[in-house]
Every structure is written in C-alpha cells, then in structure tokens.
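Protein chains: 2
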Amino acid sequence: MCHQCVIEGVKKTMLSRRALFTGAAATGVAGVAAGLAPARPALAQTGGRVVDLTHTYDSDFPTFDGEPGILTEEAVNFEESGYQLLKLTLFEHTGTHIDAPLHFSADGASVDELEPQNLVCPLCIIDITAKAADDANATVEAEDVEAWVSENGAFPAGALVAMRSGWAAKVGDPSFRNDEAGGLAFPGFATSATDLLAEQGVLAIGVDTLSLDPGNSADFAVHYSWLPGGRYGIEGLNNLEELPATGATIFVGAPKHRGGTGGPARVLAVI
Amino acid sequence: MCHQCVIEGVKKTMLSRRALFTGAAATGVAGVAAGLAPARPALAQTGGRVVDLTHTYDSDFPTFDGEPGILTEEAVNFEESGYQLLKLTLFEHTGTHIDAPLHFSADGASVDELEPQNLVCPLCIIDITAKAADDANATVEAEDVEAWVSENGAFPAGALVAMRSGWAAKVGDPSFRNDEAGGLAFPGFATSATDLLAEQGVLAIGVDTLSLDPGNSADFAVHYSWLPGGRYGIEGLNNLEELPATGATIFVGAPKHRGGTGGPARVLAVI
Numbered sequence: 001m002c003h004q005c006v007i008e009g010v011k012k013t014m015l016s017r018r019a020l021f022t023g024a025a026a027t028g029v030a031g032v033a034a035g036l037a038p039a040r041p042a043l044a045q046t047g048g049r050v051v052d053l054t055h056t057y058d059s060d061f062p063t064f065d066g067e068p069g070i071l072t073e074e075a076v077n078f079e080e081s082g083y084q085l086l087k088l089t090l091f092e093h094t095g096t097h098i099d100a101p102l103h104f105s106a107d108g109a110s111v112d113e114l115e116p117q118n119l120v121c122p123l124c125i126i127d128i129t130a131k132a133a134d135d136a137n138a139t140v141e142a143e144d145v146e147a148w149v150s151e152n153g154a155f156p157a158g159a160l161v162a163m164r165s166g167w168a169a170k171v172g173d174p175s176f177r178n179d180e181a182g183g184l185a186f187p188g189f190a191t192s193a194t195d196l197l198a199e200q201g202v203l204a205i206g207v208d209t210l211s212l213d214p215g216n217s218a219d220f221a222v223h224y225s226w227l228p229g230g231r232y233g234i235e236g237l238n239n240l241e242e243l244p245a246t247g248a249t250i251f252v253g254a255p256k257h258r259g260g261t262g263g264p265a266r267v268l269a270v271i
Numbered sequence: 001m002c003h004q005c006v007i008e009g010v011k012k013t014m015l016s017r018r019a020l021f022t023g024a025a026a027t028g029v030a031g032v033a034a035g036l037a038p039a040r041p042a043l044a045q046t047g048g049r050v051v052d053l054t055h056t057y058d059s060d061f062p063t064f065d066g067e068p069g070i071l072t073e074e075a076v077n078f079e080e081s082g083y084q085l086l087k088l089t090l091f092e093h094t095g096t097h098i099d100a101p102l103h104f105s106a107d108g109a110s111v112d113e114l115e116p117q118n119l120v121c122p123l124c125i126i127d128i129t130a131k132a133a134d135d136a137n138a139t140v141e142a143e144d145v146e147a148w149v150s151e152n153g154a155f156p157a158g159a160l161v162a163m164r165s166g167w168a169a170k171v172g173d174p175s176f177r178n179d180e181a182g183g184l185a186f187p188g189f190a191t192s193a194t195d196l197l198a199e200q201g202v203l204a205i206g207v208d209t210l211s212l213d214p215g216n217s218a219d220f221a222v223h224y225s226w227l228p229g230g231r232y233g234i235e236g237l238n239n240l241e242e243l244p245a246t247g248a249t250i251f252v253g254a255p256k257h258r259g260g261t262g263g264p265a266r267v268l269a270v271i
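Chains A and B supply the protein sequences, listed in that same order. Sequential numbering of the first sequence, starting at 1, is according to the working numbering. Sequential numbering of the second sequence, starting at 1, is according to the working numbering.
Because the hints were derived from the structure by calculation, they are not lab data. Careful: at least some of the hints might be erroneous.
[Said to hold, decoys possible] EDC-like cross-link-like pairs, simulated, lysine to aspartate or glutamate; straight-line CA separation at most 16 Å:
| # | chain 1 | residue 1 | chain 2 | residue 2 |
| --- | --- | --- | --- | --- |
| 1 | A | K87 | B | E67 |
| 2 | B | K87 | B | E73 |
| 3 | B | K170 | B | D60 |
| 4 | B | K87 | A | D65 |
| 5 | B | K170 | B | D134 |
| 6 | A | K87 | B | D65 |
| 7 | A | K170 | A | E180 |
| 8 | B | K170 | B | D135 |
| 9 | A | K170 | A | E241 |
| 10 | B | K131 | B | E141 |
| 11 | A | K87 | A | D65 |
| 12 | B | K87 | A | D179 |
The structure presented is a predicted model; accordingly, all values stated were derived computationally and were not measured.
Taking the hints into account, I'd like the entire structure generated from these sequences.
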C-alpha cells in the first residue's frame with residue numbers, strides 16, 4: 001500500500017470517528033465547524049500560553065559553515081549620546097531562521113514575498129528523539145509521518161510540521177553540529193517524508209537542527225525538493241518539547257528585507 | 001477631573017454595562033470570562049485573518065538619521081554554488097522595528113530579554129489621522145486616550161496601543177520624514193498620553209512613523225519615560241487602517257540577538 005493510500009485510509013477512519021463530534025463546542029474550539037482539516041484553524045484552538053521557539057544568538061551560535069553568523073558593534077554609545085544602538089553584520093541563515101524558496105532556487109519567492117497568512121500556521125510536531133539518540137543523522141521518514149497521522153489525525157490545512165530530535169538541548173556543545181570524527185552530524189528530514197507532507201498540503205517544515213537535511217546529506221535533497229516548490233523551512237527551532245504533537249499555533253516572525261533568501265526569525269508558539 | 005479619574009469613571013460605567021453579558025458565548029469569545037479586562041485575552045478573540053503590519057525595507061527605506069539602515073551584498077551565488085544567500089549590514093533601528101528598554105537606558109532589558117508572553121498582545125489603535133492631516137507633528141494626547149476608552153472600554157491587560165496617523169502611506173515620499181523646510185516632521189505620542197497608558201497597564205506602544213516622539217520633539221520625552229520603565233515600542237507600523245480600534249491580536253516578531261537594543265521585527269496582527 002503506497003504512502004498516500006495509508007494517509008487516505010487514515011483520513012477516512014478519522015473522519016468517521018470525528019463525525020461523532022457534531023459541534024465545535026464539544027471540543028472547546030470556537031468558530032471551527034466539525035470536520036477533519038478546517039480551512040485555517042490557526043488561532044481558534046489557542047488558549048494563550050506563549051512558548052518561544054527561538055534561540056538567543058550571538059557570534060558563538062553554531063552555524064552550518066562553522067563561521068560566525070553575526071558580528072555586532074556599538075554604533076551609538078549611551079554615555080556619549082544618551083541612547084545606544086548596535087550595527088549588525090550577519091549572514092541570513094543564522095540562529096533560528098527561515099529558508100525562503102529563493103535560498104535554493106534561481107527565482108523562487110524571497111522572504112519578503114511570502115504570504116503573511118502563511119506565517120501563522122497550525123503546528124504539528126513529529127518526535128524522533130528516540131531514534132536520534134541512537135543515530136545523529138536520523139531522519140524523519142515517511143513511516144514517521146504515517147505514524148503521526150495514525151495517532152493524531154490528518155494535518156490541519158496549511159500546517160507547519162516540525163521535527164523534534166532533541167538537538168536544541170545540545171546547542172552549546174560540539175555535538176550540536178559534529179560527530180566525534182568532526183563530520184557534520186545532526187538529524188533532518190528525508191524526502192520520503194517531505195514528499196508525503198507536500199501531498200498532504202503541508203505548508204512549511206521546521207527542524208531543531210542546523211539544516212532541513214540531515215548532517216550527512218550529500219545532496220541537500222530536501223532543500224532542493226521542498227523550497228523551490230514555494231514552501232519554506234525553519235531551522236534551529238528551540239523548546240519544541242514544551243508543546244503537544246498538535247494543537248499549538250506557530251507564528252513565524254520572518255524578516256522582511258527586500259529580496260532576502262531568508263534570515264533570523266522570531267518564532268513563537270501559542271497553545 | 002484628572003485623567004486617571006476620567007479613566008476610572010469610564011471603567012465603572014463600562015463594567016456595569018458589560019455585566020449584562022454574563023457569559024463568553026454572548027460575545028462569541030471562547031474561554032474568556034465575562035468582565036472588563038481579562039488577564040491575557042490575546043488570542044481568544046481572533047478569527048484568523050492575518051494583517052501584515054510590517055513594511056518591506058531596503059537601503060532606500062527612510063530612517064530617523066537619514067542614512068541607509070541596511071546594506072545587502074551577495075555572499076553565495078546561485079549559479080556558482082547551487083544556492084544563494086545574502087550578507088546584511090544593518091543598524092538595529094531600521095524598517096518596522098522594536099525599541100527595547102536598553103535603547104534609551106544604560107541597563108534596561110535588551111531585545112532578547114523581553115518576555116515572550118509580552119510579544120503577543122491585544123492591539124488597540126488610536127486614530128489621529130484627522131489632526132495629523134492638519135499638523136505633521138500632531139501627537140496622541142491624554143484626551144485622545146480618554147476618548148478611545150469612552151468609545152471602546154478599558155484597555156485589555158497587557159495591550160499594545162498603536163497610533164494610527166496615516167503616515168504609513170507616505171513612506172515612499174519625503175513627507176514621511178520631513179516638512180517642506182526640511183525639518184523632521186511626523187506624528188508621535190505625547191507624554192500626557194503615555195503616562196496615562198502606563199497607569200492603565202499598557203505594555204507597549206507603536207507608531208506608524210519614524211519615532212515614538214513626534215518629529216519636532218526636542219527631548220525624546222516619550223522614549224525616556226516609556227522605555228526605561230521596562231516597556232517597549234514599535235516604530236514604522238504599516239496597514240493599521242485594515243484593523244478595528246480593538247479586537248485584533250498583535251504578534252511582535254522581535255529579533256533575538258544577544259544584548260540588542262532593538263531591531264527589525266516582523267509584526268503581524270490576527271483578527
């Protein structure tokens with residue numbers, strides 16, 4: 001049975017099961033008609049606790065290429081001027097940041113061209129911490145997606161699906177980026193999973209590591225298949241362990257400099 | 001009657017009027033007990049339309065000091081490397097951006113130290129477009145705050161109060177920053193208003209101009225009284241005319257570089 005068939009089967013099962021709930025009131029969710037994947041559930045399910053999915057970053061924050069991602073210098077001094085501000089020199093793909101389609105395509109959407117509506121999404125989290133503990137280059141596979149759907153139901157329309165590998169806790173340690181031999185080593189998505197997510201109408205993916213692809217990827221297959229399709233990705237997520245597998249809403253505070261390929265983003269979740 | 005007394009009087013009136021609504025269902029707002037200023041209404045009142053309050057910015061975007069706020073250069077070329085990214089050189093207070101307390105104090109909170117919970121706020125908009133059309137340096141005064149409360153009720157707890165002056169539409173024109181004599185000229189807040197807002201528990205203020213203080217301010221009185229108190233401000237808001245005076249939720253995607261005094265922010269509202 002193909003992946004798509006499994007998902008469709010699950011959808012049907014969930015639909016008949018959920019049809020028992022005939023009104024939004026039964027689930028405490030206002031304004032959402034009963035059913036499987038409401039058009040833009042976004043905020044309706046939220047209650048108000050904010051979880052910051054963003055790392056604080058500075059020139060010591062690990063980067064994919066190993067070079068400092070940001071340098072700061074004082075531009076105005078408080079003692080001299082009565083106020084203060086910094087000049088920042090930064091490479092776009094630093095800290096918790098967004099990859100716009102343009103990052104891996106010649107003419108995809110730049111970060112300022114993303115639809116604002118697509119920066120507020122239902123957040124779904126696929127937990128692979130168990131296999132990542134055994135394999136630093138573990139990936140989210142199609143089977144992990146199917147297992148998630150079996151347990152949680154279909155992805156809400158316009159969802160952002162994040163990989164939780166447990167890597168955020170390593171951010172101050174060399175093992176965030178490298179294995180003991182010094183090679184890049186961290187979990188990511190496999191295309192078997194992202195192809196399935198694209199079929200399911202998922203809008204964006206996120207990881208708690210340095211890259212959408214695993215550290216040992218030779219071909220950036222996920223970057224090349226996901227981003228040019230007009231979808232975006234978030235790298236370097238923090239605090240995913242504070243959230244449920246589904247039910248939170250994610251706000252992607254993507255930068256809006258003209259023509260950008262991405263950049264540091266403030267990412268918040270509300271649950 | 002002092003400003004505070006007026007506000008308290010209005011609160012009492014509104015409370016007795018609102019007591020008629022004895023359940024959240026009456027207003028279509030889930031999870032919020034009836035009353036005046038619920039603890040953190042934030043998302044409960046939202047329905048799902050996202051309004052982008054952020055300008056796209058580049059080196060031509062107007063700045064307070066008149067110098068380019070951002071310079072971009074290609075760091076990786078797509079034809080050569082199969083992907084691309086930019087190096088950015090920017091001054092923190094550029095584009096639609098946040099002023100952290102540290103911007104106008106020696107040791108206030110830096111932008112990475114702001115409480116995430118305080119970046120998701122009920123948004124209240126005070127419209128002074130009529131008087132700003134007659135006076136480029138018009139300010140939001142205590143009387144404007146009182147008039148807003150008379151019409152809309154008390155500010156929700158933890159609100160962000162934004163001035164709408166109509167200035168966002170001028171952003172490509174010299175009149176966004178200057179009068180015909182070349183002096184700085186744009187609307188802002190007066191301390192008579194911000195003192196009252198602080199008393200009311202308002203958490204942050206925002207403007208659709210280059211500064212929290214009006215262009216002709218000689219002393220930055222609002223910056224010096226508002227920010228060191230631990231509150232923050234947003235400058236350069238866009239699209240406020242698409243939102244009601246109250247009822248939207250604002251998400252302030254503040255940057256999170258360590259020790260920052262502020263910086264470009266992605267600001268979204270959901271209504």
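- [ ] Of all the hints given earlier, name the ones this structure violates by number, lowest first.
- [x] 11 and 12
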